[in-house]
Structures are given as C-alpha cells and as structure tokens.
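Asks: One-letter residues, chain by chain:
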Amino acid sequence: MSEADGILRVRQPISVQYRWSAGPNATSHLQGLIEGRLIGKRCPGCELVYFPPRNGVCPKCARILGADVEVGPRGTVTTFCIVNVPFLGQKVKIPYVAAQILLDNADISMQHLIQECEADEVRIGMRVEPVWKDRSEWGPTLESIAHFRPTGEPDVKLGAEAGAS
Amino acid sequence: MRDVAIVGTAQRPSQVHTNLTSVELILPVIDEVVAKVGLDRSEIGFWCHGSCDYMSGQPFSFVAAVDAIGAWPPIVESHVEADGALALYEAWVKIQTGECDVAVVFSNGKTTSGPIDRILTLQTDPYVVAPLWPGFDALSALQARACLDAGVVTERAMAEVAARSLADAKNNAVAHVKGDHSVDDLLARPYTVAPLRAHDCGVPVDGANAVVLAAGDAARRLAKRPAWIKGFDHRIDTQRLGARSLTESNSARVAAERAGVGRDKVDVAELHAPYTHQELLLRSAMGLDGAKTRINPSGGALVANPAMAAGLARFAEAAEAIFGGGADRAVAHCTSGPCLQQNLVCVMEGE
Numbered sequence: 000m001s002e003a004d005g006i007l008r009v010r011q012p013i014s015v016q017y018r019w020s021a022g023p024n025a026t027s028h029l030q031g032l033i034e035g036r037l038i039g040k041r042c043p044g045c046e047l048v049y050f051p052p053r054n055g056v057c058p059k060c061a062r063i064l065g066a067d068v069e070v071g072p073r074g075t076v077t078t079f080c081i082v083n084v085p086f087l088g089q090k091v092k093i094p095y096v097a098a099q100i101l102l103d104n105a106d107i108s109m110q111h112l113i114q115e116c117e118a119d120e121v122r123i124g125m126r127v128e129p130v131w132k133d134r135s136e137w138g139p140t141l142e143s144i145a146h147f148r149p150t151g152e153p154d155v156k157l158g159a160e161a162g163a164s
Numbered sequence: 000m001r002d003v004a005i006v007g008t009a010q011r012p013s014q015v016h017t018n019l020t021s022v023e024l025i026l027p028v029i030d031e032v033v034a035k036v037g038l039d040r041s042e043i044g045f046w047c048h049g050s051c052d053y054m055s056g057q058p059f060s061f062v063a064a065v066d067a068i069g070a071w072p073p074i075v076e077s078h079v080e081a082d083g084a085l086a087l088y089e090a091w092v093k094i095q096t097g098e099c100d101v102a103v104v105f106s107n108g109k110t111t112s113g114p115i116d117r118i119l120t121l122q123t124d125p126y127v128v129a130p131l132w133p134g135f136d137a138l139s140a141l142q143a144r145a146c147l148d149a150g151v152v153t154e155r156a157m158a159e160v161a162a163r164s165l166a167d168a169k170n171n172a173v174a175h176v177k178g179d180h181s182v183d184d185l186l187a188r189p190y191t192v193a194p195l196r197a198h199d200c201g202v203p204v205d206g207a208n209a210v211v212l213a214a215g216d217a218a219r220r221l222a223k224r225p226a227w228i229k230g231f232d233h234r235i236d237t238q239r240l241g242a243r244s245l246t247e248s249n250s251a252r253v254a255a256e257r258a259g260v261g262r263d264k265v266d267v268a269e270l271h272a273p274y275t276h277q278e279l280l281l282r283s284a285m286g287l288d289g290a291k292t293r294i295n296p297s298g299g300a301l302v303a304n305p306a307m308a309a310g311l312a313r314f315a316e317a318a319e320a321i322f323g324g325g326a327d328r329a330v331a332h333c334t335s336g337p338c339l340q341q342n343l344v345c346v347m348e349g350e
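Residue numbers (numbering that gives the first Met the number 0), protein chains in the order written: chain A, 0 to 164; chain B, 0 to 350.
Quick caveat, the hints were computed from the structure, so don't treat them as lab data. All residues carry an ideal CB built from backbone N, CA and C; glycine is no exception. Some hints could be false.
Beyond 12 angstroms from chain B on every Cβ pair, some chain A residues (computed) [what the hints assert, rightly or not]:
(1) A66
(2) D67
(3) P72
(4) R73
(5) C80
(6) A118
(7) E128
(8) G138
(9) E152
DSS-like, lysine-lysine: derived pairs with alpha carbons at most 27 angstroms apart [as the list claims (entries may be wrong)]:
(10) B:K93 / A:K59
(11) A:K92 / A:K132
(12) B:K177 / B:K291
(13) A:K59 / B:K35
Using the sequences provided together with the hints, build the complete structure.
Replies: Spelled out as structure tokens, the structure:
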C-alpha cells in the first residue's frame, strides 16, 4: 500500500494457472511438429484436410476429424501483407511479409512468414517451402518452422484465376 | 405469449481433467439431442450457447464452439457468458419474438482445467472484492456462517441435504459422487472451509449438455409429452455483498413469485444450489415444502457441478421428469454469481 498525492494505491497482482489440453485430435499434429513433420486431419464427411486441425472438429460437417494426413512441405501463397509498422515485441526486421500459405494436400491455409526474398517479390500463387529451425528448437508449435522461402517453381493459379467459382 | 416447451435433453456423464477440447466435449451432446428428438438440422432456427471464457483462460474461446454445431449452410446463433440456463432464457425470448420455432441450447464447462474457486471470484466487483481473491467457497462459507448465526439453517439440516442428494445420485448416470451416508457420519467429517464440509460444496466436474426448445405444433410433433414453460423470471441482487442480507434470497423470492411457482402444487423442483445451505435458502425463498415437493431427485449440483452447465442440467432434469410422467408440474432454477446473487426460475407443466 502506498499513499501519494492523497490517493491510496493498492498493488494486487492477479494470476490463474490452467491445465490446457490440445485434445486428442490435435495431438498428432503437434507431435508431428516436434518431429519435423506436417500432419493434418481429414474430415470423414466432406474429406477436406485441415492443417492445423482446429479444435479436432470439422466446422462444416460438425464431425470429429478422422485420419492423419501428411501435407506439404511445399505450398502456395494465397494472400499476404507486407508489414511496415514497428511494434513492441517485433521479432523480424521490417519490412517483412506475413502470408497465408496453402500447403500441398491441405484444404485450409495457415499463416507464416516469407523470407529469403525481397518483400515486393512476394505474390499470390508463389510456390514456397518451409525452412525449419535447428532440430534442438523443434517443439509442438508452428514456430518449429523459422519461415517459408520461394522454391523458384512456376506460380500456381488460384481461385477464380484457376477457373473455380 | 407463444406456447414454448422443452422437447429433448442430453447430458454428458461427469468426468474430471478431460483431455477433450471444449468443442470435442460439446459435439456428442448436440448429436445426441438432435438424434433423440429426431430433428432435421435445417429446422433449427436458433442456437444459443452458455460458457465462460475465464474457465478456459482464452478470450473469445466460445467462438470455437460454433465448430461443434456445423455452421454450414449459415446458422443463427448467440452466446451468453453465463450458465446455459441463461442461454435457454435467451432462446425462449427469441422464440417469443416469432423469429423461430425451434432452438437448440447447449452449455459446457471444463471446470477442472483451472482453479475454479479463484476463477469464479473474478465474477465479483473488480474494485473492492475481486482484488482480495476471497475464493468462491469462502464467500459461500461466509454466507453459511451468517445463516447459522441467524438461526436460518443448522449444520444438521445442511448435512441432511447432502445425505439426500448423495443417495438420490445413485439413480443419476451423470452424477460424479453418490452413495448412502448417515447424517451423523457426515457431521463427523472435518470442515474444509468452515462452516462448510466437503459434502456441503458441489463437486467440480467437466460437463456439457444440450436442450431443444420448440413452440406450439412443432413441440407436439417432436415430443410425446413436452415440458411446457408456464412461467419464467430472472432477478438479480446487488453485487455489493455488504449491501444485501446474505441470510435470505430476495431475488429468488421475487423470481419465483413472478414465475408463478406458488400458484399450484410443485411435484419436482430442480434447484441449482452448489452449496447445501443455499438449497435451504432457495426452498424458503421460493416457498417449496420438501414434504410436498421432491427436491433435486437428480442429486442436484452437489453431486456434479460443471460450472456454466449445472444450471442448464437442472432444466434438463426437470423436463425429463415431465417427459417420463413422474411430474405434472416442475420447477427448474439456475443461480449465478456469489451467494445466490442471480436467480432464474422456470415453471414447466405436462399436458
């Protein structure tokens, strides 16, 4: 307790600790990241492959996800933004690119960094591949991958450009 | 007013320290209730969910629950940061507006994934009570002490509530604790938070449940004997614990009067009383006579207390009593906040 300027102040830090569970359906995905593998889950209803497997449930069919499916490692940039704004705790030197990447064999995109090229070279449809951190740094997180980099393959047409409605 | 009834319920058996995510916990009860009632999902005009983000420690974690109900084609849904019984109240209002005829209400609580006694303390006012971290059990013990000192309850009467609840729980598949105990044996046990003993406090469990509400002809089509909602009211006492009498529940009394509890006999009352002395306070406030009304035949929240789902469980149990013909008129109740701060009271009848 302290008193300054006639105002009584009380310092009272609060904290609560949890036992958090990823759930049985997300566990193989997280285990894969520890082992340097990219594992998604297939919905037994619509057969879409989720990477990451969300909460273990297909939101379209409301069914528990089924079989493990190895995806990637290469993928395609579906959209991206160039970060030019500095902020507290920023780990990467600006300007840098945060992109949505659709891994091969997966049906939903995931977010990651694109590095090893100039920010203004990144484009929708660009082919990329993961650059893993040192094996000693692998854990149950997508941060086991340092970033993605261009593969140099020809671009892929996506969405309306590819003729999808 | 439209005639609205509960037409189906599903509850998950209690467990502790589940490894399932909230979504994985909810999905099976939704599937079960939809199958039981024989609903075509396209008939469901409204979904309403009750849960508490503080229990998962993740802001907006409730949004993930939409995955469990399948939001394609698009659905109409809502969430209350409260017990699922309050979600049922919202769904009942939604049906009253005429916007839909059939609604599914569900709730979940992973009560054992964090220190629930501390977490529920965060419901208290953030300026003068919450920073003291009094603990939810301790606040309830404070209330029990005030009731004992005022002569409103006795420790023996509290133990009788526990003994009856534990014995009734033997017939309840979702109960977590059950068994025959003499009142004297219970009174010989040590205090955990004086004057409360372990059996005076509801057992925290992980749980999920779901209820289907339907209006008029839809209700008659979906259930053999719908539990028609005849009265519904929600009242709140001040959040300032020192500014109200803790030895009575004024909000429960008013809610029961407005819901019409006393207008006719009550066969079954499912009261959401997470502490034994609170059942005694609620019976008194709502004018329920234990000799004429079967109180908590499920064992109540004492034998399984999934936070944010225990209130909706009372509605499910009361409705099931009407479905099965065991009751013609039943009362379901849900409390929220410390020391019976909020009370929701519902009267249901079978035809």
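Asks: Indicate, hint by hint, whether the structure satisfies it.
Replies: Do the hints match the structure? See the list:
With a cut of 12 angstroms on Cβ distances, A66 (chain A) stays outside the contact zone with chain B, its closest approach being about 17 angstroms. For D67 (chain A), the condition that its CB be more than 12 angstroms from all CB atoms of chain B holds, with the nearest at approximately 16 angstroms. Non-interface status of P72 (chain A) relative to chain B is upheld: no Cβ of that chain comes within 12 angstroms, the nearest being about 26 angstroms off. No Cβ of chain B comes within 12 angstroms of the Cβ of R73 (chain A); the nearest lies about 28 angstroms off, and the non-interface call holds.
Taking the minimum C-beta to C-beta distance to chain B, about 22 angstroms, the non-interface status of C80 (chain A) holds against the 12 angstroms cut. At roughly 30 angstroms, the least C-beta separation between A118 (chain A) and chain B is larger than 12 angstroms, which holds for a residue marked as non-interface. The Cβ of E128 (chain A) sits about 30 angstroms from the closest Cβ of chain B, beyond the 12 angstroms cut-off, so the non-interface label holds. Non-interface call for G138 (chain A) relative to chain B: holds, since the shortest CB-CB distance, roughly 19 angstroms, exceeds 12 angstroms.
With a closest Cβ-Cβ approach of about 33 angstroms to chain B, E152 (chain A) is found to remain outside the 12 angstroms limit, as its non-interface label requires. Annotation: proposed proximity of K93 (chain B) to K59 (chain A) holds, straight-line Cα distance about 25 angstroms (limit 27 angstroms). A hinted pair counts as satisfied when its Cα atoms are at most 27 angstroms apart, and K92 (chain A) with K132 (chain A) qualifies at roughly 18 angstroms. With a C-alpha separation of about 24 angstroms, the suggested pair K177 (chain B) and K291 (chain B) falls inside the 27 angstroms cut-off, and the hint holds.
As the CA atoms of K59 (chain A) and K35 (chain B) are separated by approximately 22 angstroms, the hinted pair is consistent with the 27 angstroms bound.
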